[in-house]
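Listed in order, the protein sequences are those of chains U and P.
With the first letter of the first sequence counted as 1, position 81 gets the number 1113 in the working numbering; the numbers rise by one all the way through.
With the first letter of the second sequence counted as 1, position 52 gets the number 318 in the working numbering; the numbers rise by one all the way through.
Hints are supplied without guarantee of correctness; some may be wrong.
Here are the in silico distance ranges between beta carbons for each label pair [stated by the list, open to error]:
#	chain 1	residue 1	chain 2	residue 2	range
1	P	377	U	1097	53 to 63 Å
2	P	377	U	1100	49 to 59 Å
3	U	1091	P	273	22 to 32 Å
Just so you know, the hints here were simulated from the structure itself, not pulled from any lab data.
We treat Cβ as the ideally placed atom computed from N, Cα and C, and that holds for glycine.
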Amino acid sequence: MNPDALSAIRRDIAAAMESAADFVERPASEHYQAAAGDGAVIATVGVGGQLLDVRITPQARRGVDNLTLGEHVRDAIRAAEAEAEQARTALLGSLTIGGRSVADILADPGAGLPGTVRPRRQR
Amino acid sequence: MTDQLNGRLARIAEAQEAVYEGTDDTGTVVVRATGAGRVEDVYLSPQAVRDLDAQALGAACVTAVADARMIAAQALAATIAEVSGQPAPVDVPASVPQTYDPASAAEALRAVARRAG
């Protein structure tokens, strides 16, 4: 790999680390919400994907049968987690190293740095 | 060697796909989650819907999800320990440790950025 390409990759890595630092410093209050059952259930997920809250409306508790209400809870949690995951993926997709997105590199590390060969272990 | 490694990876993959069950404190809300943490099923018993108000019912769901995921994480850690030959940790840390400090994490990342740039 030529020195210019290596320098470019170093700059990309530095930029990616700065972006990641900005990402983790986002306010802890930032969260992702999703509803299910026409708003009967709202799930809230934190930046890190942790489930923070499940809100069930009193009307849904009274008017929806227990099995359906459970499905709404599951669907709301999944949808909120998908929102959080999408945000993380968007961040990784926007970062590039050597012209490739970080998401692609993580999916296939070997292809991320063409021309590099893993050294063989000496016996 | 490759077969052995593939066998170990297959065991870990199985543990990630297996389903584990957790409950709230009353045992009337049951959540099933995979080893990877995906919520597969939420069961609200008739008793839970009858006895808990809407707010408490939501909180019970959060507790049951956390319980299922903790059990799943413990099972996954045990499997990894078994296939790697390393002792299993006594306690699996919560997914978001209380000691997590975003400012410290950000500073660590910026230190890496300074070294790389």
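How the hints compare with the structure:
1. A beta carbon spacing of about 55 Å between residue 377(P) and residue 1097(U) agrees with the range 53 to 63 Å that was offered as a hint.
2. Taking 49 to 59 Å as the suggested C-beta distance range, the pair residue 377(P) and residue 1100(U) conforms, at roughly 51 Å.
3. A C-beta distance of roughly 52 Å is found between residue 1091(U) and residue 273(P), which places it outside the suggested range of 22 to 32 Å.
Violated hint for the displayed structure: number 3, the only one.
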